[in-house]
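Engineer: Now for the letters of each chain:
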Amino acid sequence: MKNTMRLLVIFVLIIQSNFAQDILIEAESFDNPGGWVIDPQFEQQMGSPYLLAHGIGVPVKNATTKVNFESTGNYHVWVRTKNWVPGNWEAPGRFQLVINNQRIAKILGLRSGWGWEYVDKIQITEKEIDLELVDLTGFDGRIDAIYFSTSEVEPPTSSKKLAEWRKKIKAEPNAPNISKGYDLVVVGGGLAGCATAIAAAEQGLEVALIHDRPVLGGNASEEIRVHTLGIYGNFERILRKIDTEHYPNGSADAKLDQKKRDTNVKSYENIDLFLNHRAYDAKAINNEIQYVDARQTATGNRIRFEAPRFVDATGDGWIGFWAGAEFSYGRESAETYGEDWEEHGELWSPKEADNAVMGSSVLWGSKEINKEVLFPEVPWAMPVARDYAKVAGEWQWEFSNPDYNQIDDAEEIRDHMLRAIYGSFSNAKKDTANANVKLEWVSSLVGKRESRRLVGDYIFTFNDAKEGTKFADGVVTETRDVDIHYQTILEDENNPDFISEALFYKTPQYYIPYRSLYSKNISNLFMAGRNFSCSHAGLGGPRVMLTTGQMGAAVGIAAVICKKYDVNPREVYTGYLKEYLALIEDQKFEKIPEIKK
Amino acid sequence: MKYLFPIIILLVLFLNTGKNFEHDASFFSSFEVLDKAPEFYVLKWKEGSRLIPKKTSFYIEVDSIGKQPVLALIGENQKPVLYTANINTPVCADGECKLMNIRLYWTLLGEYAGFDRFPEMPLTKHDHDEFEVQDYQKLHTLLADDKSILGRRSINQLVEKPKLRSVNGVDAVAGATIARVKEAIVSGALYSCYTVWKIVHSDIREQLKHNSLSVLDDYMIRDMLYSINDDYQLFALEKIEDSQYQEHYKQIVEVFKTSTPLVRSIIAKRITSKYKDTPTLQKPFWEAYDIIDSGSKSTLINFLDEAPSFVTMVLSSKLKSMSSNQLKKFLGHLKKNEKIGFEVKRNLEAFSSSDSETYAYIAREFLEENAY
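Residue numbers (the numbering used here), protein chains in the order written: chain A, 234 to 830; chain B, 5 to 376.
Keep in mind the hints are simulated off the structure, nothing from the lab. All values reported here derive from a predicted model rather than from experimental measurement. Every residue, glycine too, gets a C-beta built ideally from N, C-alpha and C. Be aware that a few hints might be false.
Pairs of lysine-lysine residues, derived as DSSO-like cross-links and limited to a Cα-Cα distance of at most 30 Å, are as follows [unchecked claim]:
(1) A:Lys493 - A:Lys600
(2) B:Lys280 - A:Lys584
(3) A:Lys400 - B:Lys339
(4) A:Lys584 - B:Lys273
Have a look at the derived ranges for each label pair, beta carbon to beta carbon [unchecked claim]:
(5) B:Phe346 - A:Lys401: 39 to 45 Å
(6) B:Asn341 - A:Pro616: 30 to 36 Å
(7) A:Ser500 - B:Ser325: 55 to 61 Å
(8) B:Gln161 - A:Glu405: 56 to 62 Å
(9) A:Asp641 - B:Tyr230: 39 to 45 Å
(10) B:Glu187 - A:Glu576: 20 to 26 Å
(11) B:Glu373 - A:Thr358: 39 to 45 Å
(12) B:Glu187 - A:Glu804: 51 to 57 Å
(13) A:Ile411 - B:Ser360: 47 to 53 Å
My request is simple: use the sequences and hints to build the entire structure.
Structural biologist: Right under this line is the structure:
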């Protein structure tokens with residue numbers, strides 16, 4: 234029984250035939266990941282969550298698991314991995330396998346691009362073996378899966394073929410076995426998603442909140458550590474439950490706010506929280522979403538979420554994308570919405586549209602200790618860091634380049650930032666003044682500013698912020714300057730390519746209409762967060778987290794009206810706006826229980 | 005009461021500086037023909053130039069001193085080339101004021117162009133130490149940064165001591181800002197740096213630009229296109245007609261190769277449209293593919309489908325300089341054609357079989373999947 238359970242947990246998949254036995258072990262499903270961390274950020278690009286040896290220069294503890302075989306014998310072994318910095322140096326993310334305490338000589342993590350690396354032909358003499366991953370560097374070695382086969386045929390590499398092969402070898406049915414129904418399904422547990430869930434739950438809706446990390450908050454979480462900015466607008470009471478203090482970005486103080494946020498969201502009985510679940514599909518029929526499918530990031534267990542209405546708070550607009558929602562990406566031409574600002578010209582809004590967007594940050598920090606501490610040489614980081622020397626990184630550590638799409642190339646962007654960080658820290662360590670400085674924390678998560686923007690009935694632009702346009706359905710209020718970032722290398726090639734600068738436009742108080750918070754063409758889809766309906770320059774102000782939190786809360790309240798009258802988001806605006814605004818007003822203060830009146 | 009503070013400052017300056025205002029009067033009138041580059045200068049000085057100062061209606065109002073005139077420096081075609089002003093301003097810190105003397109220059113677009121110091125009146129730091137050469141150089145770099153953090157902060161915000169938080173004892177509010185300010189300014193000269201930056205980047209910029217635009221002609225635009233200043237280049241690229249893109253294509257290629265990634269990316273967006281009817285003129289731009297920055301390469305390769313057919317050949321010899329995404333774009337372009345040229349195929353095969361090329365595997369997969 235014990236072994237059977239373990240088989241389920243580690244998702245060992247066996248296909249047996251008369252001729253071959255194949256076992257696929259998903260790395261993220263190891264019994265004990267040790268010091269390796271599960272990284273599901275890039276599943277949509279490279280095919281799976283994977284294990285990452287993020288030891289910031291110190292090899293992490295071994296990951297261990299048991300593997301059961303139907304039969305003993307000789308097996309060919311492959312690992313699916315990637316050398317994340319190929320070049321004329323030793324690969325930074327090297328690792329080895331240990332099988333039944335025998336270390337396999339082959340050094341792994343050497344191939345360019347995700348794919349299968351042959352380990353060896355191994356004799357399996359027992360039906361249950363111990364398998365370990367040994368990190369050799371502490372510098373972000375990565376492994377997606379291990380494949381044992383009695384056949385010599387290498388599994389496919391191309392993403393499409395690999396996905397089909399995986400499905401076949403796992404014998405996965407098309408639909409998840411478990412389905413759950415809710416009043417509202419919220420995907421994404423950043424500030425926007427949390428606020429949506431709370432606002433809707435307080436009004437009695439049954440809510441599912443799906444989030445692909447173990448903790449809530451997204452960019453504000455202790456895993457990324459960006460402080461919340463903006464004002465509270467109509468939703469201060471709700472947002473105070475999930476916001477942060479104004480600590481420096483990257484500060485460990487984020488942990489205190491994390492505790493508060495998680496406790497508060499979990500306190501709602503009618504919020505079903507699905508942490509460590511990443512949505513991977515949404516199906517729409519006649520422009521109406523029927524369900525969202527999500528997978529547990531470690532076990533791979535799948536759940537189908539059904540609801541009359543859905544909220545895309547994924548930041549990347551994934552739900553809308555899968556459902557076929559209209560979306561935009563990149564910078565519109567200045568004349569598209571008349572967003573020119575002569576002061577900063579092309580840096581603000583280009584004459585010709587392009588794919589340049591604000592970049593992603595990876596925050597990090599170090600601390601002084603009372604003894605000297607060494608840091609390894611990192612030659613593979615130097616082409617990025619060059620001679621830049623720093624011991625901590627703030628918001629300006631940001632990377633965007635027309636070569637990289639913030640969604641499709643997010644792994645490369647994260648890795649580029651890791652090279653920038655390790656290289657700059659290594660440079661700083663050459664200064665004797667930093668002899669006692671120890672690299673303390675480097676996020677392994679990409680903190681994104683901008684990606685897909687789903688198109689709503691109204692597209693919020695820079696001009697709406699500049700002019701403080703008043704809308705009858707202006708449910709979100711903000712006073713924060715519009716600030717748009719650009720990479721400083723654009724103005725001087727000698728600058729590092731991972732440092733940005735901000736351009737600020739001082740605005741009056743401005744408003745975001747409710748019509749920017751639901752999809753134009755997917756009838757039951759709301760959106761909140763940076764993927765709301767706006768132009769590139771329009772995103773410059775409201776992309777910060779108290780504003781996105783306001784969007785979330787506004788959406789949560791709208792979902793209540795939708796349920797009450799069984800209508801879609803658009804009809805809240807066309808038919809029930811007065812009641813909607815009254816409900817927003819009404820939720821501002823905690824209700825006094827009847828018993829105390 | 006309103007005038008009391010300036011009077012006190014003037015009195016203090018008079019008593020403290022040891023330099024009387026008779027000297028300053030000569031300082032104000034010391035504009036002469038400019039026949040050499042300012043000592044700190046962002047543009048390239050045209051040898052043999054003689055710029056004649058000419059009065060304008062513009063001035064800079066300096067606290068407690070008054071209006072200081074801005075002059076246009078006129079070139080041989082009787083058009084302005086630069087603007088300049090001798091600035092004489094008090095710099096006050098902790099109740100102590102000193103006079104700061106500096107000659108500033110602006111470009112035709114109102115941007116910072118440079119400065120001259122006055123050897124007999126060196127700039128000084130808070131502790132009265134004179135600026136070293138590297139300090140002047142740093143000031144020049146600071147003034148050239150029109151987006152400096154000094155522009156968004158009051159002097160009080162810049163000198164304010166950070167508030168400490170109880171947790172971790174870390175500066176909660178201004179840590180990052182203060183680090184950036186320290187990095188940008190001349191050490192020990194925050195007030196001087198702040199004062200002069202604010203003057204350079206004051207409303208005068210817009211006024212001067214407006215003045216230049218009122219007398220703008222083709223000659224000035226051409227000069228800007230042939231300048232090394234990226235603001236000028238950008239401005240000229242917006243102003244010239246399509247036909248001038250062809251007339252000046254050699255210079256535009258030069259700008260493409262040598263200017264900033266920002267200017268380069270704008271040209272990259274326009275190559276296939278501006279030279280649509282003269283495709284051979286596109287060649288030098290595509291030939292520069294391997295010497296331009298990664299972002300501009302990506303911008304340029306997005307236009308590959310609109311480019312003349314010879315570009316495929318040009319790029320096939322530059323596969324080594326492509327990122328993985330750029331290579332995929334290039335191969336995607338090839339895939340749209342039923343057949344590819346002999347030389348393109350040979351280059352592709354050579355690249356795909358190289359052991360030292362990181363992305364050779366992408367080309368290998370492509371050749372495996374597509375039989376040419």
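Engineer: Taking 39 to 45 Å as the stated bounds, is the beta-carbon spacing between Glu373 of chain B and Thr358 of chain A within them?
Structural biologist: holds, 40 Å
Engineer: Just tell me: holds or violated, for the beta carbon distance of Phe346 of chain B and Lys401 of chain A against 39 to 45 Å?
Structural biologist: For Phe346 of chain B and Lys401 of chain A the Cβ distance comes to about 41 Å; the hint holds.
Engineer: Holds or violated: 56 to 62 Å for the Cβ distance of Gln161 of chain B and Glu405 of chain A?
Structural biologist: The hinted range 56 to 62 Å holds for Gln161 of chain B and Glu405 of chain A, with Cβ atoms some 58 Å apart.
Engineer: Okay, Ser500 of chain A versus Ser325 of chain B on CB: inside 55 to 61 Å?
Structural biologist: holds, 56 Å
Engineer: Has the given pair, Lys400 of chain A with Lys339 of chain B, been kept, meaning a C-alpha gap of at most 30 Å?
Structural biologist: Given pair Lys400 of chain A, Lys339 of chain B holds - Cα atoms ~29 Å apart, limit 30 Å.
Engineer: Given the hinted pair Lys493 of chain A and Lys600 of chain A, is their alpha-carbon gap at most 30 Å?
Structural biologist: Answer holds: Lys493 of chain A to Lys600 of chain A is near 26 Å, not above 30 Å.
Engineer: For the pair we were handed, Lys584 of chain A and Lys273 of chain B, check the Cα-Cα distance against 30 Å.
Structural biologist: holds, 10 Å
Engineer: Please work out if Lys280 of chain B and Lys584 of chain A have their alpha carbons no farther apart than 30 Å.
Structural biologist: holds, 19 Å
Engineer: Holds or violated: 51 to 57 Å for the Cβ distance of Glu187 of chain B and Glu804 of chain A?
Structural biologist: holds, 54 Å
Engineer: Regarding Glu187 of chain B and Glu576 of chain A, is the given constraint of 20 to 26 Å on their beta-carbon distance met?
Structural biologist: Because 24 Å falls inside the window, the suggested range holds.
Engineer: Given the hint of 30 to 36 Å, is the C-beta distance from Asn341 of chain B to Pro616 of chain A inside that range or not?
Structural biologist: At 34 Å between Cβs, range holds.
Engineer: Is 39 to 45 Å right for how far apart the beta carbons of Asp641 of chain A and Tyr230 of chain B are?
Structural biologist: holds, 40 Å
When the structure is compared with the earlier hints, no violation turns up for any of them.
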